[in-house]
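K.L.:
Once you've looked at the hints, dock chain B against the given chain A.
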Amino acid sequence: MSATTTRTPIAPETPAKQKPGGTLYRGREGMWSWVLHRITGVAIFFFLLVHILDTALVRVSPEAYNAVIGTYQTPIMGLGEVALVGAIVFHAFNGLRVILVDFWSWATRNQKVLFYIVIALWVITMLGFVPRHLMNVFSH
Amino acid sequence: MTVIESPRTPARRAPRRGVNLEKWGWIYMRASGVVLVVLVFGHLFVNLMVGEGVKAIDFGFVGGKWADPFWQWWDVLMLWLALIHGANGMRTIVSDYTNPGTVQRILKGALLLSTIVLLVLGTLVVFTFDPCPAGSPAELLPSFCPAA
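Protein chains in written order, with this note's numbering: chain A, 27 to 166; chain B, 811 to 958.
No lab work stands behind these hints, which were simulated from the structure alone.
There may be inaccurate statements among the hints.
[What the hints assert, rightly or not] Coverage of chain A stretches by chain B, computed from C-beta distances (three or more under 8 Å per stretch; other residues unrestricted):
{"hint": "1", "region": "66-72"}
{"hint": "2", "region": "75-85"}
{"hint": "3", "region": "88-94"}
{"hint": "4", "region": "98-108"}
{"hint": "5", "region": "111-118"}
{"hint": "6", "region": "122-132"}
{"hint": "7", "region": "145-159"}
We put the CB at the ideal spot given by N, CA and C, even for glycine.
One chain only, chain A, in its complex shape (with noise of 0.2 Å):
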């Protein structure tokens, strides 16, 4: 038996752009939009069940609405509140993405550049909101 077929099998050369996890789907843009619209939806769901939560205090008195509504107008609630807005956003682009894909087939080739959009409108329109916001927040 020659040397040449007992030796150790060597790794295959890496391809200058390997491309992450090296598969279609695990490590690309497709995994991502599933990781953080499910990620965005739970959190959006918990703030929800607390917003119908607190919005029902004004059936009990007004005192009890403004009391409790006043701790979203705190600097630290703000902060939450551009998060809580950022992942609102991010799930409604995104949502309309996989509507998209699913029903245009021209969508369904170009999921990936469809990733992209949805970060860049994402990024406009958070533009758009957090100065104004924190504006809003942070002045008496």
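P.N.:
Chain B only, in chain A's frame:
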């Protein structure tokens, strides 16, 4: 005797009767999602971007909005679409991460129960809301109240 079919045999369709609830759930997520983009973005714009934003929200602000049936129906529609959309999404997640059994039944039961309770509560609050409750300090009430 069990017949082992050839590998390329097309999957036989399971006998189906009645409505396919999972299909309608799938359709609901997309249909409600599109409407919710409009309703939630409108909600966020009016409550956080216009005027003083979150700083302006108090009892009088809510009273002023819900004096108009337009905002009552906007909020009730948003409540039903969003809560069912969210609970159905959570049901998917529970199905993904738990095995069929007691834990899964408890989690899905809790989702169903909390959804029904909050839908009833929220709808009653919007439609039985009194913007001018008697005996409340005038400065806390909307400007259209006789006491204010």
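K.L.:
Against the structure, test the hints numbered earlier, and report the numbers of the ones violated in rising order.
P.N.:
none
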